[in-house]
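Student: So the chains spell out like this:
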Amino acid sequence: MMTHSDIRKPFPWHILVFLGPGLLIYLTVSVYPLLDTLRLGFFSEDESGATFFVGMQNYANLLFSEVWSEPFWNALKNNLMFFVIHMLLQNPIGLLLALLLSSPRLRLSGTYRTLLFMPTMLSVVIVGFVWQLLLSPLWGISEDFMYNIGLGDYFDAWLGKEGTALVTLSLISVWQFVGIPMMLIYAALLNIPEDLNDAGVVDGANSWQIFWNIKLPLLLPTISMVSILTFVANFNAFELIYAVKGALAGPNFSTDIMGTLFYRTFFGFQLQQGSPTMGAAVATLMFLIILIGVAIYLFFVQRRIQRFQL
Amino acid sequence: MSFLTIKGAFRHAAKIGLGVFALTTLTAEAGDKLVIESWRNDDAKVWNDVIIPAFNKSHPDIKVTFTPTPPADYNSALQAKLQAGTAGDLITCRPFDVSLALYQKGNLEKLNDLEGMKNFPDVAKTAWSTDDGKDVFCLPMASVIHGYIYNKEIFKELGLSVPKTESDFFKVLEKIKDESRYTPLVMGTADQWEAATMGFQNVGPNYWKGEEGRKALIDGKEKLTDPEYVKVWEHLAKWKPFLGRGYQAQKYADSQNLFTLGRGAIYPAGSWDITTFNEQADFEFGAFPPPVPDGQKTCYISDHTDIGMGLNAASANKKEARIFLSWMAGPEFAELYANQLPGFFPLGNHKISIKDPVASEFLSWRGQCEQTIRNSYQILSRGTPNMENQLWNVTVQVLNGSMAPKAAAEEVEKGLKTWYQPHM
Chain A
1 MMTHSDIRKP FPWHILVFLG PGLLIYLTVS VYPLLDTLRL GFFSEDESGA
51 TFFVGMQNYA NLLFSEVWSE PFWNALKNNL MFFVIHMLLQ NPIGLLLALL
101 LSSPRLRLSG TYRTLLFMPT MLSVVIVGFV WQLLLSPLWG ISEDFMYNIG
151 LGDYFDAWLG KEGTALVTLS LISVWQFVGI PMMLIYAALL NIPEDLNDAG
201 VVDGANSWQI FWNIKLPLLL PTISMVSILT FVANFNAFEL IYAVKGALAG
251 PNFSTDIMGT LFYRTFFGFQ LQQGSPTMGA AVATLMFLII LIGVAIYLFF
301 VQRRIQRFQL
Chain B
311 MSFLTIKGAF RHAAKIGLGV FALTTLTAEA GDKLVIESWR NDDAKVWNDV
361 IIPAFNKSHP DIKVTFTPTP PADYNSALQA KLQAGTAGDL ITCRPFDVSL
411 ALYQKGNLEK LNDLEGMKNF PDVAKTAWST DDGKDVFCLP MASVIHGYIY
461 NKEIFKELGL SVPKTESDFF KVLEKIKDES RYTPLVMGTA DQWEAATMGF
511 QNVGPNYWKG EEGRKALIDG KEKLTDPEYV KVWEHLAKWK PFLGRGYQAQ
561 KYADSQNLFT LGRGAIYPAG SWDITTFNEQ ADFEFGAFPP PVPDGQKTCY
611 ISDHTDIGMG LNAASANKKE ARIFLSWMAG PEFAELYANQ LPGFFPLGNH
661 KISIKDPVAS EFLSWRGQCE QTIRNSYQIL SRGTPNMENQ LWNVTVQVLN
711 GSMAPKAAAE EVEKGLKTWY QPHM
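One line per chain: the protein sequences are A and B, in this order. Under our numbering, the first residue of the first sequence carries the number 1, and numbering increases by one thereafter. Under our numbering, the first residue of the second sequence carries the number 311, and numbering increases by one thereafter.
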């Protein structure tokens, strides 16, 4: 006679069947290459292409030897700058646009929403190309535009000068991706029950107070999530710089970020031979930087955010 | 982390995925189909419409496909394909170290015994030989010559004549700047390579005495901080007032457009520009070699061995590939290539006639001037920092006025010192 506990549940094959393909793809094209990259960073390569173990040598070179550390720290500094500009502009502008869009008095908000989100869906190469044309001192329309609003004398070859190239590219990138924080914040805004706002109004709050004391605290989890997404995307950025300035990220490496440094190192450039091992070391450092950033976020920001049960 | 993982996955996933793909395509079209890898995507039409049909007249049984990759991606794409075993049978070779590295890694076949290799003089073969000159691994295809292309109508309008010396040259530029609205010198620094290639390597050989200086630099007898190199950057620093407005953001294609629209007078050129200009410019243009420093009698030009063709060591169709390469070594290919792509000059001993007037103008300088190749291409760009990349960078800064000529020289010399024994 069988007791209840003896009845064995059949093996849950369906879980394996449904998870299997995804897991397999994830393991082969994501986990394995990542681990192999970490491994490859400990090796070096000779002329014949044979690899041999060198321990931490690549990292020591990258961080301390003059030839490698100068570009590395320069790229890291530029990357930070790229990120800071995004943080200073992308989130506040995204928030502002979301608030404007969610205003019940705004007509055609659907159209605006689509238009503002549109650049996000364009290829970075197209965005880079279009902005290069707009800003071109030869053919561009921005010079005439600036003359028309009385600022013509301030027009310059922004994309070509050391002092302005990185800022210009950051602004182009902000322009392209501002739709993402806008949409996420907009969705969060729509989730805030009208009752809360009404209660605020009944209590005598003006719209500024409602924003500051009701909406913003409820939006903070979304804003912090957007920030960490921006951080990861910025430290992985590559395409825009490569499309506009090429792998040498000129002038004088003023637009060089981790992504372009990695490309040059791994694949080589022009007469420079690519070095898979050194490239793997750069990639590992990129991975570590992002990991540290995300860890800081998880431990110091995420845990302190108060979530409200609505 | 998508970027990281994608790039990291490249080598390995490519091996598995593309390998399978290649295997299936190989078995589907077995045997005699040759695939050519190249960075010259501009030439696809010429290969497909002229060169391959010409070859097929004598060898109808060998099918050839030309599959170019954009120039900027070629080196990396080729390397990835070779590692994954999916590269074509014939591989267009960059000169010197890039191809040498492929040969040393065993990706390119030795071609010493190729029928037709005897048609090429040693100097043509140096770009694709081992350092000791014993082994040749690519068939020399063509060289490109540097100089200036000028708008003949503007010169006529302003009553200018072709400058022979450096001071003539700057007088001409001065006159264009003062007396017209044309841009005197059409070049930008946004893409960086023009500064080094059309600037430094174009003007330079006159100062460092061509091959003599190039070899002395390799031997360590001369340093980039020597006056003959600093003078090159001093010359280039004088270009700044004559370049167009906003030249810092002007790309290579912008320069070509600016010149072909007739808005600029003189264009620092590579002979490969001729094809583009023939198609786009509706005015007559001519060419002149880099003007010599005042008082110097001999002129030097950069006649750079630029393009060759090698055989993939992993090719399944080596026999057919060798037949194709031997045909390429002959006079028929030389004649076709030189006339279909004016500005690419054959390197063999065949007697051929070039019909394009500007191209034959460029070619005529071989008789008047000493020839040399770009000094950063052999050996000197092997290490890190890479001399070619450094030349791009510092020359742009000199042209932008953000670096002094002497500082530019010191920077590149410092780079060489870190890894190149003769300069330590």
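The set of hints was computed from the structure by calculation and includes no laboratory data. Be careful, since some hints might not be right.
Which bits of chain B does chain A cover? Going by a derived footprint, with three or more residues having C-beta under 8 Å, they are [said to hold, decoys possible]: (1) 466-472; (2) 497-505; (3) 690-703.
Treat the numbers as computed from the prediction; the structure is a model and nothing was measured. Backbone N, C-alpha and C define an ideal beta-carbon position, used for all residues, glycine too.
Student: What hints, given by number in increasing order, does this structure fail?
Tutor: 1
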